[in-house]
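2 protein chains.
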Amino acid sequence: MTDIPSETAEHVPEVVVLRLPQYVRALGDLLRRGVTVVSSHQLGEHLQMTPAQIRKDLSYFGRFGKQGRGYPVNYLLDELRQVLGLERKWNSCLVGVGRLGRAIINYPGFTPEGFNIVAAFDSSPAEIGVSIGSLVIQPIAELEPTIRERDIRIGIVAVPASHAQEVIDQLVGFGVKAMLNYAPIGPQVPDGVRIRNVDPILALQSMTYYLKDN
Amino acid sequence: MTDIPSETAEHVPEVVVLRLPQYVRALGDLLRRGVTVVSSHQLGEHLQMTPAQIRKDLSYFGRFGKQGRGYPVNYLLDELRQVLGLERKWNSCLVGVGRLGRAIINYPGFTPEGFNIVAAFDSSPAEIGVSIGSLVIQPIAELEPTIRERDIRIGIVAVPASHAQEVIDQLVGFGVKAMLNYAPIGPQVPDGVRIRNVDPILALQSMTYYLKDN
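If you read the sequences in order, they're chains P and B.
Position 121 (the first sequence) corresponds to 121 in my numbering; numbering is contiguous.
Position 63 (the second sequence) corresponds to 63 in my numbering; numbering is contiguous.
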């Protein structure tokens with residue numbers, strides 16, 4: 001029991017939450033380079049942000065540094081990892097095991113960061129039962145029980161654009177509240193569900209504008 | 001000769017340019033569904049933006065619709081594709097052909113959108129000369145002549161984090177002005193060079209914040 005209100009998702013603007021993983025990464029880099037204390041100025045140079053912005057962002061989560069002394073890197077990193085829920089593992093499932101889905105399964109970055117793809121689904125009968133690494137492709141009909149049994153909290157969507165919204169709706173219906181979408185659409189999700197789009201084509205198309213007159 | 005100043009990159013805020021590919025995608029979807037005219041209101045629903053924002057964004061590039069009549073989908077799509085330089089093909093090179101780089105080469109989305117990976121480079125002697133699809137992996141020493149000979153305008157970086165900034169600096173030095181970075185770092189580039197980061201881990205880490213108290 002305490003009079004201090006606990007920090008909850010509602011109090012922090014989403015734009016700040018979106019920046020926190022970049023803080024975590026920058027602090028991890030600094031720690032590996034042996035830096036133990038960092039000023040908001042140094043951190044700002046790393047992240048291309050102003051020191052004032054950094055102090056404001058961090059102030060949502062507590063008082064991490066003493067005025068004029070900088071932030072203790074290790075402590076701040078631990079705290080932010082806790083704020084983001086990165087101290088635990090998160091189970092995810094992949095839906096869509098075509099070329100793109102297979103590339104995602106083979107992406108080396110997920111597991112070391114605590115994101116485990118524990119199940120893979122496809123609608124094509126020819127794919128069901130096929131093994132990819134340690135996963136055996138399951139039919140979509142097994143989505144609901146598998147999500148429940150394996151405590152799957154994140155859905156990774158790699159189906160063709162034409163089926164992506166339908167799959168996302170199914171995942172939402174089965175209680176998945178966080179999704180990583182690789183299909184080239186701008187999907188709709190209800191309030192309380194988060195979705196992030198990984199879309200290299202949009203990224204490329206936003207640069208050719210600057211190339212075309214060169 | 002004309003008195004009307006030509007539309008140039010400098011006049012348009014980057015945040016507007018970043019949205020244009022989403023307009024292009026939405027208009028393409030509408031066209032495939034047989035829609036020939038779209039209001040800023042409908043387009044706004046599609047893109048989760050206000051009609052006023054859409055009218056303002058598009059006003060940078062000309063007068064596309066008649067007041068109260070909506071935008072002709074086909075015409076607007078063609079114009080925006082031209083604005084973004086999407087009517088031509090763009091050659092790119094991949095640097096870093098580990099697991100991630102191989103996944104990128106196999107990513108099915110680039111070529112149909114006009115982005116061709118025409119060369120692949122790696123620093124590991126064991127990889128040089130190995131074929132992946134139609135590409136033969138080249139040594140980094142061949143980066144400069146290949147960029148020149150193949151008119152490579154985009155660099156795709158998939159080396160380990162520890163080497164990414166160095167590779168990006170090399171590409172900048174050889175005149176590459178647009179980069180897609182898959183390494184988990186926040187790279188620095190000089191003015192006049194654009195870089196976009198594709199980073200599913202950052203995306204996942206920005207969602208677990210909302211999952212952790214559920």
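Keep in mind that a hint or two might mislead.
Each computed DSSO-like pair below joins lysine-lysine, with the alpha-carbon atoms no more than 30 Å apart [to be verified]: (1) B:212 with B:56; (2) P:212 with B:177; (3) P:177 with B:177; (4) B:56 with P:212; (5) B:212 with P:89.
Hint data in this document are derived by calculation from the structure and do not stem from the laboratory.
Note that the structure is predicted; figures quoted are calculated from it, not measured.
How the hints compare with the structure:
Of the supplied pair hints, the one linking residue 212 of chain B and residue 56 of chain B is violated, its CA atoms being roughly 39 Å apart against a limit of 30 Å. Pair hint residue 212 of chain P plus residue 177 of chain B holds up; C-alpha atoms about 11 Å apart against a cutoff of 30 Å. For the suggested pair residue 177 of chain P and residue 177 of chain B, the alpha carbons sit about 38 Å apart, so the restraint of at most 30 Å is broken. Taken as a hint, the residue 56 of chain B and residue 212 of chain P pair is honoured in the structure, with Cα atoms around 23 Å apart against an allowance of 30 Å.
Restraint check for residue 212 of chain B and residue 89 of chain P: the C-alpha separation of about 11 Å stays at or below 30 Å, so the hint holds.
The earlier numbered hints that this structure contradicts are 1, 3.
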